[in-house]
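Peer 1: Take a look at the letters that make up each chain.
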Amino acid sequence: MSNGTTQASQDMPPSGGFKPFRYERRLPKRGPSGVGMFAICGSIMAYGWYRVYLGLDERRELEREKIWSRIYLTPMLIAEADRDEYRRRCAAVDREREIMKDIPGWIPGEGVYHGKRYAPDTIANVPLHQQPGFKKE
Amino acid sequence: MLLSLIEIFAVILPVLLGIAYLTLAERKIMGSMQRRVGPNHIGLFGLLQPLSDGIKLLLKETIFPSQSDKIFFISAPLIIFTVNLLGWATIPFGEGNSISDMELGIIYLLAMSSISVVGIILAGWSGNSKYSLMGSLRTTAQLISYELVIGLTILTIIGVVGSYNLNEIILFQKHSIIFLLPLLPLFPILFISALAETNRVPFDLVESESELVSGAFTEYSSFSFALIFLVDKLEYGAMISMCTLINILFLGGYLVPFSYLFSDFLLIFLEPLFLGLKTCLLLFIFIWVRATLPRVKFNQLINLNWKCLLPITLGLFMLVISLLILIFPIDNINIQYLFLPFIFKNFKINKKFFNKFLILILILGFLSFFIYFIYISNILTKNII
Numbered sequence: 001m002s003n004g005t006t007q008a009s010q011d012m013p014p015s016g017g018f019k020p021f022r023y024e025r026r027l028p029k030r031g032p033s034g035v036g037m038f039a040i041c042g043s044i045m046a047y048g049w050y051r052v053y054l055g056l057d058e059r060r061e062l063e064r065e066k067i068w069s070r071i072y073l074t075p076m077l078i079a080e081a082d083r084d085e086y087r088r089r090c091a092a093v094d095r096e097r098e099i100m101k102d103i104p105g106w107i108p109g110e111g112v113y114h115g116k117r118y119a120p121d122t123i124a125n126v127p128l129h130q131q132p133g134f135k136k137e
Numbered sequence: 001m002l003l004s005l006i007e008i009f010a011v012i013l014p015v016l017l018g019i020a021y022l023t024l025a026e027r028k029i030m031g032s033m034q035r036r037v038g039p040n041h042i043g044l045f046g047l048l049q050p051l052s053d054g055i056k057l058l059l060k061e062t063i064f065p066s067q068s069d070k071i072f073f074i075s076a077p078l079i080i081f082t083v084n085l086l087g088w089a090t091i092p093f094g095e096g097n098s099i100s101d102m103e104l105g106i107i108y109l110l111a112m113s114s115i116s117v118v119g120i121i122l123a124g125w126s127g128n129s130k131y132s133l134m135g136s137l138r139t140t141a142q143l144i145s146y147e148l149v150i151g152l153t154i155l156t157i158i159g160v161v162g163s164y165n166l167n168e169i170i171l172f173q174k175h176s177i178i179f180l181l182p183l184l185p186l187f188p189i190l191f192i193s194a195l196a197e198t199n200r201v202p203f204d205l206v207e208s209e210s211e212l213v214s215g216a217f218t219e220y221s222s223f224s225f226a227l228i229f230l231v232d233k234l235e236y237g238a239m240i241s242m243c244t245l246i247n248i249l250f251l252g253g254y255l256v257p258f259s260y261l262f263s264d265f266l267l268i269f270l271e272p273l274f275l276g277l278k279t280c281l282l283l284f285i286f287i288w289v290r291a292t293l294p295r296v297k298f299n300q301l302i303n304l305n306w307k308c309l310l311p312i313t314l315g316l317f318m319l320v321i322s323l324l325i326l327i328f329p330i331d332n333i334n335i336q337y338l339f340l341p342f343i344f345k346n347f348k349i350n351k352k353f354f355n356k357f358l359i360l361i362l363i364l365g366f367l368s369f370f371i372y373f374i375y376i377s378n379i380l381t382k383n384i385i
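Just so you know, the sequences run in chain order Y and S.
Going by full-length UniProt numbering, the first sequence opens with residue 1, and the numbers climb by one from there.
Going by full-length UniProt numbering, the second sequence opens with residue 1, and the numbers climb by one from there.
Only chain Y is shown next, with the shape it has when bound in the complex:
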């Protein structure tokens, strides 16, 4: 067009077109690069997860300790309960003997079952004045 014989009546672009020009803004690169930030973030998280691992380990160890301490304590607690039950039963039989002394043929502490096998009381032998809710008349 520009090298045509007729004179151009219109402003035309230069031959070969305009030079490419910059239309996007150029911001200065600041701060760490993407890889750098990823690495920093990753290392912080790695340390954090190491501590979380230690915490979870500690918690599991405490749980294990609790379970084993209960396993070891159980026989002692059962023995204690048995001793207490036996003491209460003896006291109850003594009380029964004292109350029913005037009735001939009464055997204190006799089981309600037909047989000699020991059957523990289903309800704890607690005297009336020690029971909760007892009121003196």
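None of these hints come from the bench; they were simulated from the model.
This list has only true hints and no planted wrong ones.
Here are the computed distance ranges between Cβ atoms for each label pair:
#1 Y:I40 x S:M1: 53 to 61 Å
#2 Y:D82 x S:M1: 37 to 45 Å
#3 Y:A46 x S:A20: 37 to 45 Å
#4 S:I12 x Y:V93: 58 to 66 Å
These stretches of chain Y come out as covered by chain S in the derived footprint (C-beta under 8 Å, 3 or more residues):
#5 38-49
#6 53-59
Cross-link-like lysine-lysine pairs, in silico, DSBU-like; alpha carbons within 35 Å at most:
#7 S:K56 x S:K130
#8 Y:K101 x Y:K135
#9 S:K297 x Y:K29
#10 S:K56 x S:K28
#11 S:K60 x S:K130
#12 S:K70 x S:K130
#13 Y:K29 x S:K307
#14 Y:K66 x S:K174
#15 S:K307 x S:K130
All values derive from a computational prediction rather than experimental measurement.
C-beta atoms are modelled at their ideal positions from N, C-alpha and C, and glycine is treated no differently.
Based on the hints, put chain S in the right spot on chain Y.
Peer 2: Relative to chain Y, chain S alone:
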């Protein structure tokens, strides 16, 4: 009975006072950031400004729109106000120092923050104004979409701790480390979601101060406006409770750094103080963001949630669960609780949108299953107890 009443008042009164003075703090901080003085006429350094604002609002006439539903119109601000304060029941102020140490405390908190959406819908609808109705619908869309991200973030932390109890979460951080470090990318995600959940700048499209005249609450005046203003309009109450929640989840709540230096008696007083200090730091960042950023467009708001935050959070959730299975046996991860809601749910997902992060989830899911098999082979050779 009386003691528990005193307990409740000892929590609620400082919270209300804090909400009132947060308005003043915001105006002062924004003033200094914008080279202004801020309120300084009423009282020393403007300290009585919140009181004077409150009295001014109380003395005004309450106007009911003639066609409005009076009962809902009155009850909506009360619902919002009450529900926001109810959330404080489970917040621990020290070790074993909370009104109710619930086992499902965090679920309770989420439920309470969801119920306040009902109040907003009621407030927008009952005024019988189409503008406030549209405002309430936009608020609801925003709150519900961002609650998803908050829920997922919290679910990730629950996966690590294995408990829904807020106290347990804090104590776990005491025994290991504050969750800001291991879950570093989740902290800004939760913070951005909290900004959107509380309708703060740059996500305050539902209110847009001058253009929309506070969105869903256009018809309110006087005392009911004061209630909304305190708790919901600029979300001061929700801001404080949200910052406390972020604090508990990521910054260790009431934990005192170098606590072995102090005696136990001193720690009783230091623990609530540090809870407040950390919360104040987060609140300052909230205000800082407001003074800095311009408002986003509505499509940007929704895109940010559904195309950016949610896929990242889902990916991180899978990663965290995979890591937990990698480093530790399954008895400490309550996976059955985590996946229960997903099994019984009908998924209806847009295909285009789904394809974008399907690959990510599949890769991470495959990774987690692979690690799970390693764990199974591990557990066969290892005696746990």
